[in-house]
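Undergrad: The residues making up each chain are set out below.
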Amino acid sequence: MNKKMNLLMFSGEYDKAMAGLILANSAREIEVEVTIFFAFWGLFLVRDPEKTTLEDKSIYEKLMDVMTPKGPEQLPLSRMNFSGLGKWMLEEMIEDQGAPKLIHFLKGARKKNIKFYACKLSVEIMGFKPEELLPEVEIIDAATYLKDALESDLQLFI
Amino acid sequence: MNKKMNLLMFSGEYDKAMAGLILANSAREIEVEVTIFFAFWGLFLVRDPEKTTLEDKSIYEKLMDVMTPKGPEQLPLSRMNFSGLGKWMLEEMIEDQGAPKLIHFLKGARKKNIKFYACKLSVEIMGFKPEELLPEVEIIDAATYLKDALESDLQLFI
Amino acid sequence: MNKKMNLLMFSGEYDKAMAGLILANSAREIEVEVTIFFAFWGLFLVRDPEKTTLEDKSIYEKLMDVMTPKGPEQLPLSRMNFSGLGKWMLEEMIEDQGAPKLIHFLKGARKKNIKFYACKLSVEIMGFKPEELLPEVEIIDAATYLKDALESDLQLFI
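Heads up: the protein sequence lines correspond to chains A, B and C, in order.
Residue 44 in full-length UniProt numbering is what sits at position 44 of the first sequence, and the numbering runs on without skipping anything.
Residue 115 in full-length UniProt numbering is what sits at position 115 of the second sequence, and the numbering runs on without skipping anything.
Residue 157 in full-length UniProt numbering is what sits at position 157 of the third sequence, and the numbering runs on without skipping anything.
Mixed in with the good hints, there may be bad ones.
Identical copies go unnamed one by one, so any copy, or any two together, can satisfy a pair.
To be verified - Listed below are the simulated PhoX-like cross-link pairs for lysine-lysine, each with C-alpha atoms no more than 25 Å apart in a straight line:
id, residue 1, residue 2
1, K87, K129
2, K51, K101
3, K115, K4
4, K101, K57
5, K115, K147
6, K120, K87
7, K87, K101
8, K70, K115
9, K107, K129
10, K120, K4
11, K62, K101
12, K4, K147
13, K107, K120
No lab work stands behind these hints, which were simulated from the structure alone.
Required output: the full structure, derived from the provided sequences and hints.
TA: In C-alpha cells:
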C-alpha cells in the first residue's frame, strides 16, 4: 500500500497494549510501514523482564521497578480488572477462542520489521537504563517522534 | 467538505462515548464522511440491550453479559464515577443545560448515514453474537479497519 | 516544516496532560503549528485557579468546582495514583532529573503561539464561565474543532 502508521503507546494496560499490537501486526500484513513510540506507562511493554536491575538507582527508581508489572503478561486491564480477576477471565476467554495472548502479538511484532522507539524523557524520569529495554528499542526525543508521525498516514495515541 | 473521519471507539465509558458520538454527529452536519470502528469495551455501545442472550455461551461469556452495562446509558464515567454518583451528577448537569444524553447522540448517529463497524476479534473474544449488536453494525477485521483509516483525513483512538 | 498538529485534550490527568504539553512544546520548537482543543476533563488544565467563582452556579456546578483539581499541579495520575502517593513519587523523580513540571510545560506552551480552544458544550455542561478559563482560551464548537483537525497533518485524542 506504500502507507505508514505511527502509534504512540502511552498506556501500559493489557487491553490497550493488545489493541496497539493487533493493529501493528495487521498493518504489516497489508504491507503498511509501522512505527511504535513507547512513552510513560507504555514503556512497561518493552522492558525486558529478565534484565531488570536495581543497581545505580535512586530509591524511587527502585520502587518503580518493584511496584510495576514485570513483562507484558503482567499488565492490568484498563477496566474491570477487579484485582486481576477480570484479567484472568479475559485471558481464559482469549484461550477459549484459540486467539493469541499479548506476549504472542509482541513476539509477532518484533519479527515484522516494525520500528520500536522509546521516549527519552520517559526513560529518564522512570529511571530505566537502555539495557533494561528490548534490544531493538531505540531511544529518541519527542521532536524525532513528531517528524515521523507528521509524515504518517495514520497516527493514534493509545 | 469531501473529507472523511474514522474513529476507533475502544473505550466503553459514558464520557468518552459521548465525545466520540458528538464528534461523529458534528462531522455529519458539515458533510464529513464518518466511520466508527467499535472494539473491546467500545462494543458495549452497540450491543442491543433487548437482544442479549445467554444461550450457547460459556460460563465466562455469561459472566461478561451479566457483569457489564446493558445499553449506553448504563456506561460508567472514566473519572469521578464514585460508584455512579458522579455520573448521576453529570447527567443532571446535562439535563440542566437542555443538552442531549448519550442515547440521543447514538440515535442521531444511527440516522446520519455513519458506517458502524465492530472488531471481529473483540466480538469473538467477548463471546457476543452478531444478532446481539445493533442491526446496522457490520463485523470486520483489523486489516479492513486499517484500510479505511489510512484513507481518512482524521483518525482518533477514543 | 509547514506542518500542523491538532490535539484533542479530553483527559484531565497529570501524566496525559504532560504528554500532550510536551508534544505541543516540541512541535513548536520544530516550527509545527499547534492547536489544542480542551474538552471535558481536559478543561481542568485551562481553568485559572485564581478565578474560580461559585456565583450564579447551580448546586452541581458548585460541587464540580469544589470536588475537582484546582490548577494543573493538582491533577491526579491516570495510573498508580495511590491517593496521591504515586503522583508525589513521580514528581520527585521528575525533579531528580531536573525535568520541568506540568505547570512549566503549560507556561511554555502559553508563550509559544499555540491556539488554545475550549469545547463549548463541555464548558456549558460543567458550568464553567468563560472568565474562569485562562484568558487566551477561545470557546468553540465541535464543528470548528473538526474543520481545524481535518486540515492538520497529525491529530491525537489524549
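Undergrad: Give a verdict on every hint.
TA: The hints, checked one at a time:
no. : hint        : in the structure
1   : K87 - K129  : between (29 Å within a copy, 21 Å between copies)
2   : K51 - K101  : within (22 Å within a copy, 30 Å between copies)
3   : K115 - K4   : both (11 Å within a copy, 24 Å between copies)
4   : K101 - K57  : between (32 Å within a copy, 21 Å between copies)
5   : K115 - K147 : both (14 Å within a copy, 20 Å between copies)
6   : K120 - K87  : between (30 Å within a copy, 20 Å between copies)
7   : K87 - K101  : within (12 Å within a copy, 31 Å between copies)
8   : K70 - K115  : within (22 Å within a copy, 40 Å between copies)
9   : K107 - K129 : within (22 Å within a copy, 30 Å between copies)
10  : K120 - K4   : both (23 Å within a copy, 23 Å between copies)
11  : K62 - K101  : between (29 Å within a copy, 21 Å between copies)
12  : K4 - K147   : both (13 Å within a copy, 11 Å between copies)
13  : K107 - K120 : both (23 Å within a copy, 22 Å between copies)
Checked against the numbered hints above, the structure violates none of them.
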